[in-house]
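Q: Residue-level listing of the chains:
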Amino acid sequence: MSSGAIVLLALVAGVTVLGFLAARWGRGDLSNIEEWSLGGRRFGTFVSWFLLGGDLYTAYTFIAVPALVYGAGALGFFAVPYTATAYPIAFVVLVRFWNIARRRGYITAADFVRDRFGSRSLEICVALTSIVAAVPYIALQLVGMKSVFMQLGGTFAWHDGLLALTIAFIVLAAYTYTSGLRAPALIAFVKDTLIYVTVIAAAVVIPAKLGGWAHIFSVSAAVLAARPKPTSLYLQPSQYVAYATMALGSAMSLFIYPHSITSVLAAKSAEVIRRNAALLPIYSILLAMLALLGYCAVAAGIVSKDSTAIVPLLFARMFPDWFAGVAFAAIVIGALVPAAIMAIGAANLFVSNVFNEFSHVRPRGEARLAKLLTLAMCGCGLLIIFFVPVPYAIDFQLLGGALLLQIFPSLVLGLWTRWFQPGALVLGWACGIALSCAMMVASGFSANYTLHLFGFSLSAFIAIYALIVNLAVASLGTLALRRGSLALGTDGTVPGDYA
Amino acid sequence: MKGKRRWYLVLILPFVGTLFPAFYNRAEPALFGVPFFYWYQCLWVLLTPVMMGIVVLGTRERDDV
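Chains as they are written, first to last, in the numbering used here: chain E, 1 to 499; chain W, 1 to 65.
If you are wondering where the hints come from, they were derived from the structure by calculation, not from laboratory data.
Be aware that one or more of the hints could be misleading.
As the list claims (entries may be wrong) - Going by beta-carbon spacing under 7 Å, a handful of chain E positions derived as facing chain W: (1) PRO81; (2) THR85; (3) TRP213; (4) SER284; (5) ILE285.
As the list claims (entries may be wrong) - Here chain W is said to cover these stretches of chain E; the calculated rule only asks that three of the stretch's residues, wherever they fall, bring their Cβ under 8 Å from a Cβ of chain W: (6) 69-80; (7) 265-277.
A virtual CB, placed ideally from N, CA and C, is assigned to each residue, including glycine.
With the sequences and hints as input, model every part of the structure.
A: The structure is reproduced here in structure tokens:
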């Protein structure tokens, strides 16, 4: 076994021990769903920083974004304006959401929607959408781990990495089951340290070895232009709208993912959220650096049919063997932590907002059911990567985001207004979901759809088309229902709850 | 309260700055060999937390710690 593989195994083993020990962190009865899934809502600025960062910087950042830059050039850099605009949105939306959630004791986003609009059907729509959207994001984490296992080869790569992935997920599921949110929160410290070390080393070593940034960009420009399907370091004017809508659509959906909501609700005060929203963009610098690794791989002459393999290939070529092991551990642990938080968030939604609507279980049973469901979520993610081929790994996240954005009117606009009729919101949601699915199929599971209209053609992110239709239907529906003077649902919240 | 809300308008700037690629989709002026398209967007990643910091300070309640 190579020294890199030994370093990787040692770090993952260390983190696993930490995951089980996390159950003892702070006092709490882990058979209570709030203690298990939200860490007892006691996390301060410091822990929340690592937890939220742990959530948001994942295999998406390490594998999927560089892969898109490697394959599609400038278009892949949309992830940078995405993370620059996500935090101002978070700042405004999440503080308001945290306030109302704490006052009313919500543990999920769907709890709020039910209370606000007095509608069980809307609650179930929101919960199911969030659960479904989390599955491809978990799948993306698995793709990231798989790319490392394939690079290591030998037993790791046995049956396309199936054995290694299964073991990784049994380990993940086991400590998530025992420790709940405390496990990923504690491991996030290790994960972020590894990520910082890796990215800083990469930023120093790789451009120097490749002859500097000017050289990397000029070689990349030549190589991208000479490909059978030429791309460029700059956008085509026809890509402007796609670029901006992918950034905006991703930014709008980032903080309504169940895993972000989970981490936000675990914070102990609204001020913690405000500070973190202001500080977290510092992480985005890492993201920009990682995106540019796509060009480093081009300049290093790395050729691979599978674009997710390029970062592991680059690390293996540029770093000494033992340090490549550290970098691989950063990718694997960086995928395990968010996958755990996502699975917890989704399980929480299912138990609180879907299952409990039909059958009330006692609090103790509730937590046990949520724990079992985390296992099911991980299993679904595993199935997806073996059975759903997408053009780029990042499409998993983008397509999940397109579906998720359809709950934006109920959840985010709902924080400010009750103007919409719940029935109209359900109808708008259904139209948005149907349109997203139709466009995904029509575009071959790529994130952008080209609309031909009156001789113009416009390529944009599916999520935004669907959201526009969703809002139009919800607004028209509301006007129609109001005219029919249908009784409004009851609002369980009062204005003072939001301040 | 109304005066404090005005601070939130600062948060519109990152959107204006980054969501119109037609304005920054070019090579020059390059910085340390990095084309404008790339370093300009990275600059916004640094400016955004500064702007949010301004809003945090501007809207802080007196009893906040």
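Q: For each hint given before, does the structure comply? Return the numbers of the non-compliant ones in rising order.
A: none
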